[in-house]
Amino acid sequence: MSANAGLLVGFAFWFLASSWVAAEEAGHRQAKVVEPPIEPATSAAPQSSNPTASQDPPGIGLSLFLSNGCGACHTIRGTEARGTIGPDLSYVGSRSAIGAGVLPNTEEAIARFVARPDLFKPGVKMPAFDMLPQTEIQTIARYLKALQ
Amino acid sequence: MTPGSRTEFGTASSNATAEEDAVRVANQPMMIRVKHVVFGAIGLPVVLLLGAWIGFFNVGASSGHWKVTAWFLQLAMRSAVRTYALAVDAPKTLDRRGLPAAAGHFARGCAICHGAPGELRSPAVLRMLPQPPDLALTVGDWTDAQLFRIVKHGIRFTGMPAWPARDRDDEVWAMVAFLRELPKLNPNEFRALAFNGSDATSSDRQPATPDVLSDCMRCHGGDGEGRGDAVPVLAGQKEAYLLASLQAYAKGDRTSGFMALPVTGVDPADLAALARYFAAQPSVSADRDQVSAEVINKGQQIAEAGIPERNVPACSGCHLGSNKNQVYPRLNGQHAAYLERQLKLFRSEDRGGTPFWHIMATAAQRLTDDDIRAVSAYFSRRAEGPR
Chain A
1 MSANAGLLVG
11 FAFWFLASSW
21 VAAEEAGHRQ
31 AKVVEPPIEP
41 ATSAAPQSSN
51 PTASQDPPGI
61 GLSLFLSNGC
71 GACHTIRGTE
81 ARGTIGPDLS
91 YVGSRSAIGA
101 GVLPNTEEAI
111 ARFVARPDLF
121 KPGVKMPAFD
131 MLPQTEIQTI
141 ARYLKALQ
Chain B
1 MTPGSRTEFG
11 TASSNATAEE
21 DAVRVANQPM
31 MIRVKHVVFG
41 AIGLPVVLLL
51 GAWIGFFNVG
61 ASSGHWKVTA
71 WFLQLAMRSA
81 VRTYALAVDA
91 PKTLDRRGLP
101 AAAGHFARGC
111 AICHGAPGEL
121 RSPAVLRMLP
131 QPPDLALTVG
141 DWTDAQLFRI
151 VKHGIRFTGM
161 PAWPARDRDD
171 EVWAMVAFLR
181 ELPKLNPNEF
191 RALAFNGSDA
201 TSSDRQPATP
211 DVLSDCMRCH
221 GGDGEGRGDA
231 VPVLAGQKEA
241 YLLASLQAYA
251 KGDRTSGFMA
261 LPVTGVDPAD
271 LAALARYFAA
281 QPSVSADRDQ
291 VSAEVINKGQ
301 QIAEAGIPER
311 NVPACSGCHL
321 GSNKNQVYPR
331 LNGQHAAYLE
341 RQLKLFRSED
351 RGGTPFWHIM
361 ATAAQRLTDD
371 DIRAVSAYFS
381 RRAEGPR
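Here the protein sequences come in this chain order: A and B. Take the first sequence: its position 122, counting from 1, is numbered 122 in the numbering used here, and each next residue is one higher. Take the second sequence: its position 158, counting from 1, is numbered 158 in the numbering used here, and each next residue is one higher.
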């Protein structure tokens with residue numbers, strides 16, 4: 001009998017503990033979800049506000065854009081990017097906002113959108129590219145912002 | 001209860017003592033039966049538990065089961081397989097394209113217990129209880145669906161393991177197709193199918209390749225051409241993609257029972273050497289099924305322009321051209337059946353892979369079976385461009 005009671009108490013304990021852990025994890029995930037794009041973006045921001053800091057070799061932005069397959073969905077006139085599923089990005093730098101109007105059109109916002117578009121536009125058709133190194137995402141964002 | 005009723009009851013009972021006694025006597029056997037049941041329900045488990053605690057039951061395998069235990073275990077096993085197999089949807093004809101891969105897996109993952117044509121088993125295995133049967137003699141007892149059930153889920157209490165990868169029913173069916181073949185194979189045929197003579201070629205290899213390479217060759221062939229349509233061509237594939245894929249198998253990010261065994265326990269440095277070796281092999285063109293020109297044209301259309309009205313991106317944006325990310329695989333000259341399988345796995349989200357896998361899953365979600373057939377046929381016969 002007492003063994004049974006012990007089992008019961010054990011179960012209750014385990015249940016509480018595991019739901020707590022789950023909640024904890026969910027919290028972490030949530031926190032993680034919003035975090036990463038912001039951090040490195042701000043650290044890189046001063047660099048880009050400095051006009052001489054665009055040390056990217058010429059064409060590196062476009063070549064990253066093409067090599068990672070963005071051209072499969074987007075068009076940039078005058079390049080081999082001729083996709084039609086996503087919006088035409090030929091002059092994206094001069095738009096007033098991006099991501100269906102939810103983000104200001106800054107280099108930093110473009111970088112955040114490229115990394116996790118689903119955070120800003122639920123049901124978005126574009127996949128996340130947050131597995132790319134932050135520096136590459138920054139370079140692509142800088143290139144896109146310059147397309148006026 | 002009111003006091004009135006109590007007195008009434010009292011008088012009634014004093015009048016009827018003799019009658020009651022008679023009833024009690026008549027009930028006697030009934031009482032005994034109840035006692036038995038109570039004893040059985042409480043006493044027997046206690047006795048069994050006590051027996052187990054004292055160590056009365058012999059768990060040694062040397063003397064075998066009692067006849068009755070053996071009979072009962074067999075009955076339970078066979079009935080369970082029969083019943084659970086009712087839910088299995090068996091294909092009318094088994095797909096034989098996976099035979100070489102299944103044979104290769106059998107040689108390493110199953111023959112150790114079940115033996116194989118021309119292979120002697122370790123005496124240690126023969127003293128297992130139950131002894132793993134020689135499958136060449138017993139597969140005839142089972143239907144395809146039953147074999148599927150056994151190979152996928154294993155058999156409890158016997159040592160028969162479950163398939164090493166979940167959600168890879170295609171691989172389990174390939175193994176069932178091989179088991180059907182097994183009774184017909186003589187030792188030479190078995191060795192040809194499972195080992196591809198890979199033991200012999202090890203001398204003319206570059207010195208820098210690790211020993212495990214001969215294991216890979218059993219399925220992928222000495223020059224990475226992929227034996228059978230279910231095993232991918234590795235020759236000329238991008239090195240970064242090969243390495244990232246091997247790491248994904250080793251970590252469990254990409255599941256395949258066929259690949260799980262060969263990569264387990266391989267040194268990470270050796271994985272890099274293996275990727276380098278296969279990437280450096282000259283690319284080969286896969287054998288081609290007959291496919292109508294119409295289908296090929298449709299495939300080309302999808303590959304080069306996608307299907308914009310259904311949001312399918314052009315495959316060429318990621319898979320064609322030398323300027324693409326080194327983790328994005330080449331598809332040119334790959335076996336069509338392998339490509340089809342991977343696309344279906346992506347579509348059902350059963351194919352993980354490198355950290356980039358989900359962008360491919362997004363692309364595959366919107367493809368129909370016909371699209372998949374067409375685009376796979378197209379890529380399989382596209383000649384390799386300049387590297």
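Because the hints were derived from the structure by calculation, they are not lab data. Glycine included, C-beta positions come from ideal geometry on N, C-alpha and C. Please note: incorrect hints may appear among the correct ones.
[As the list claims (entries may be wrong)] Example chain B residues on the side facing chain A (calculated, C-beta under 10 Å, incomplete):
#1 34
#2 306
#3 359
[To be verified] Capping the alpha-carbon separation at 25 Å, the derived lysine-lysine pairs in PhoX-like fashion look like this:
#4 B:298 with A:125
#5 B:251 with A:125
#6 B:152 with B:251
#7 B:324 with A:125
Here is what the structure says about each hint:
1. 34: Violated, about 23 Å.
2. 306: Given a least distance of 7 Å, the restraint on residue 306 of chain B holds.
3. 359: With a closest approach of 4 Å, the residue 359 of chain B hint holds.
4. B:298 with A:125: Since the Cα atoms of residue 298 of chain B and residue 125 of chain A sit roughly 24 Å apart, the hinted pair holds (cutoff 25 Å).
5. B:251 with A:125: Not OK: residue 251 of chain B and residue 125 of chain A at ~29 Å, beyond 25 Å, violated.
6. B:152 with B:251: holds (21 Å)
7. B:324 with A:125: Holds: residue 324 of chain B and residue 125 of chain A sit about 22 Å apart, inside 25 Å.
Figure legend: structure checked against the earlier numbered hints; hints not met, in rising order: 1 and 5.
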